[in-house]
Amino acid sequence: MKLQHYLGGLEGLGPVSTETRVFVETWETRIFGIHTAMMALSSQLPLPATPSAFSSIWTWADLRKGAESLNPFDYFKYRYYEKWLGGISGYFIDNGYITAEELDALTEEYYADPSIPVPTAGDQAIDDRVVQYLVEGDSPKREADVSFDFTVGDLVSIRNVPSVEHTRLPGFLRGKTGTVETVYDGAYVYLCDTGTDGIGAAMPVYCIRFEPEELWPANAETNFSLYADLYAHYVESPRAVAAQAA
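Going by full-length UniProt numbering, 95 is the number at position 95 of the sequence shown; the sequence numbering is gapless.
The hints are simulated quantities; they were obtained by calculation from the structure and are not laboratory data.
Keep in mind the model is a prediction, meaning the values are calculated, not measured.
We treat Cβ as the ideally placed atom computed from N, Cα and C, and that holds for glycine.
Watch out, some of these pointers could steer you wrong.
What the hints assert, rightly or not - Estimated spans, in silico, between C-beta atoms of each pair:
#, residue 1, residue 2, range
1, Y111, F23, 48 to 54 Å
2, E181, T59, 25 to 31 Å
3, P114, E181, 26 to 32 Å
4, I57, P217, 38 to 44 Å
Stated by the list, open to error - With a Cα cut of at most 27 Å, we get these calculated DSSO-like pairs of lysine-lysine:
#, residue 1, residue 2
5, K77, K65
6, K176, K65
7, K77, K141
Turn these sequences into a full structure, and let the hints guide you.
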């Protein structure tokens, strides 16, 4: 969630798309289906075995990292599912399922003759596993012994953690102050370790309430509050922030 992927509060970005359709083009449904099948086939849930050759791990985090690795100018140039396609394609290349040269050659074939039939395949075991995965889901909640540093009503500050590949912390919340609205029961993980960003082991999650004047001083309406669910690693005492500044 680097700058180009979370633009809250920024001005002068041009017209905003108000498209409400989930899928605008037919091919977008195929990209969504590929992504879903990849998650189901790599899931660690006790699901039926299949003859699929897909043997690596793919999660929402991998999809997001693939999109966020785009040059910011390319990111704004491509549509939503085009970014998905780029992330998925890069993953298959990086993990040895296809080479960049092979992918380029196939792309040129379809550019030259769009009427070429798209390869079809099907296996009931794979279909059953995908359906079961969609029904059962993958919960981020874990049974873990964790301590809760804050309670409802506490004033907290949001850290400015170093982010390299991926972060779950919106940029416009960094360094801001809010109030704990909810302390969620249990501990939660993300889909992968975010490295220097600090999300890995199971930890508490807090819902933090922010006032618009704190986020966008003298530049926002005042008849609303903004709420964000944040991992505990992103949240600290305002006293800790003051000590660091000193």
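Item to check | Hints violated by the structure (listed by number, smallest first) | outcome: Hints 1, 3, 7 contradicted; others consistent.
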